[in-house]
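Position chains B and C relative to chain A; hints supplied.
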Amino acid sequence: MPTLNDYLVLSAVLFSIGAAGVFVRRNLITILLSIEIMLNAVNLTFVAFGRAFGTADGQIIVFFVMTVAAAEAAVGLAIVIALFRHRESLNPDTFTALKW
Amino acid sequence: MLPVIVGQIAMFVVVLLGLVHAAAGMVWVERKEAARMQQRVGPTRVGPAGLLQPFADVLKLLFKENLRPAAADVLLFYIAPLICAATAFAAFAVVPIGPETTIFGLFDEPLKLQVADVNVAVLVVFAIASMGVYGIVLAGWASNSKYSLLGGLRSSAQMISYELSYGLSLVGVLILANSMSITDIVHAQGASLLGIPSARWFVFLQPLGFLIFMTAGIAETNRAPFDFPEAEQELVAGYHTEYSSMAFALFFLAEYINMVTVSAVATDLFLGGWYFPFVPVSFGWLVFLAKVGALLFFYVWMRWTLPRYRYDQLMSFGWKILLPASVINLLVTAAAVLYFGL
Amino acid sequence: MTLFYLFAAVAVLTSLLVIAQRNPVYSVLLLIASFGALSGLYVLLDAPFAAVIQIIVYAGAIMVLFLFVVMLLNAPHEDTQYDERVHPLLRPGPMRFGAALALLLVVELVWALSSGAPNEQFGPTPVVSVAMIGKSLFTTYAFQFEVTSVLILVAMVGAVLMARREPRADARREGR
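If you're matching them up, the sequences are chains A, B and C in order. Each residue of the first sequence is one higher than the one before, counting from 0 in numbering that gives the first Met the number 0. Each residue of the second sequence is one higher than the one before, counting from 0 in numbering that gives the first Met the number 0. Each residue of the third sequence is one higher than the one before, counting from 0 in numbering that gives the first Met the number 0.
Everything labelled a hint here was simulated from the structure, so no lab data went into it. Careful, some of the hints might be misleading.
Stated by the list, open to error - Computed from the model, here is a short list of chain A residues facing chain C with C-beta under 10 Å:
| # | residue |
| --- | --- |
| 1 | GLY17 |
| 2 | ALA19 |
| 3 | GLY20 |
| 4 | ALA47 |
| 5 | ASP56 |
| 6 | PHE62 |
| 7 | PHE63 |
| 8 | ILE78 |
| 9 | ILE80 |
| 10 | PHE94 |
| 11 | ALA96 |
| 12 | LEU97 |
Where is the CB? At the ideal position from N, CA and C, for every residue including glycine.
Next comes chain A alone, as it looks inside the complex (with noise of 0.2 Å):
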């Protein structure tokens, strides 16, 4: 049977391969997937000690935590969408007006 620590050490790397997506990958909508596969493994943490402890809360912060990456998701895609008419690429490697 699998136990706590199995569940920790999962979500551990599936959060830290979405690091690495964020880190390594240049194109936004990869970048905005990668933070994604975070969220997930956070909600499995969630879960996991929800279970442990016997109680309801970490489905109900699951929830929550879905109810944000559902929101960021959308803000992220509209400003994705935006930056894409100005300057036709996904690279963010382009937008670098702000730089000194």
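Only chains B and C this time, still in chain A's reference frame:
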């Protein structure tokens, strides 16, 4: 005599084959009903009264050439109809067809007439319906053609818009039945209403909810009057323009099975499932099939009677009329349950 | 136990493929598969409600939004100053540094989590029904629930405003 596990596996096979034959039957029903409404006779040559027409159609589709546009994305092009068909079948796994029965002593324990009895079954139906959007949007994208992409995007936007009203109209039923398991909801409708036994159907307690559910269900399955995305006159054939032979047959099959699933879920949740006043519960599955058949007749009737909604009218209807109506229905139901203790 | 390993392997493998794909449409589809595996893990953790809303909300709504944006923008290739023929994860420079950072992160997290909590089995299955979750949401967490609805409203308004095309000020000035 037989262990109940044999019955459960048999149930799986029965549902699978039953759905495929139901889709074939629906092809025949649609053509005959459309013909009669238009004062002609429909197919009569293939088999008695044209009953073998669906099999002739399938044979024709099988022998057609399997085309694929050269610039189409191969993997997605062939996965899309699979997703459509798979989600159509999967949603029927949690729908019960009749009461628990031992089939006249054949099994040790009562066999539940559904493939899986989950205690969040209503949410599972909803989840699988929302996965069905991907088949359509991927079909539109993978075909690499303007008509297909437009049709696919429009169709999926329509489906996700009407999912909201679909789900909200179900919440009224959940409030009345106090459970998310479809079997429990059907049992809650077996109580008596105004002295008539087995008449506490939720369609009488929630008429607006039923109307909203059926309307959203018709929109979810992309049937007329909400079938703009596959309108033959406007978009050639929308998202399945570039498909032929078996892939097209799979889309066709998926559409009819989605219709059957929506009708079956509406029967279980609103029309009392297998309960009918003064009919013994052991004939429950016949009652269920009769009700599903009535709803499917209604579906085909709608297609051949009503004109098609234009796309902006369709979206405006879904967001500005159906969604507020379902919210109001929810509020009124909740207030009535609290006040009248239904 | 085998189910846990199966779902965990699918989740990790598809997540790795998500960040390794060039084509964003494949990335989105692989991420949906990853969400499916996570949903299976939630079912193993006796959380059917979380599993189903993961499919309905994440895989069924948020990913459809991503797919729409990817299809409408239709820009599958990332053009960088790096050599296009080398795979993104193998290029020299800042990318390798980023990958090294992520590796460091995973080692650190696994060490921290393994040496912290006592490694014991889960207790008996708690009786958590959807009714209990709903009751808790509307009583204990009622304020957070209402704030979340305001958050969604703000996000809706923001998304519509951000993605809107600029009104044609010149055309209006010309009196057309």
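Against the structure, the hints come out as follows:
1. Given the 10 Å rule on beta carbons, the hint for GLY17(A) holds: about 7 Å separates it from the nearest Cβ of chain C.
2. About 3 Å separates the beta-carbon of ALA19(A) from the nearest beta-carbon of chain C, less than 10 Å, and the hint is met.
3. Taking 10 Å as the C-beta cut-off, the interface hint given for GLY20(A) holds, the closest approach to chain C being about 4 Å.
4. With a least beta-carbon distance of about 6 Å to chain C, the hint placing ALA47(A) at the interface is held under the 10 Å criterion.
5. Of the supplied interface hints, the one on ASP56(A) holds, with its beta-carbon coming within about 8 Å of a beta-carbon of chain C, less than 10 Å.
6. Proximity of PHE62(A) to chain C holds as hinted, the smallest CB-CB distance being about 7 Å (cut-off 10 Å).
7. Checking PHE63(A) against chain C by beta carbon gives a least distance of about 6 Å; that is within 10 Å, so the hint holds.
8. At its closest, the beta carbon of ILE78(A) sits 6 Å from a beta carbon of chain C; the interface hint therefore holds under the 10 Å criterion.
9. Restraint check, ILE80(A) versus chain C: the minimum CB separation of about 5 Å is within 10 Å; hint holds.
10. The restraint placing PHE94(A) at the interface with chain C is violated, with a minimum CB-CB distance near 13 Å, outside the 10 Å limit.
11. Because the closest C-beta pair between ALA96(A) and chain C is about 17 Å apart, greater than 10 Å, the hint is violated.
12. Annotation: LEU97(A) was flagged as interfacial toward chain C, and the flag is violated, the nearest CB pair being 17 Å apart, outside 10 Å.
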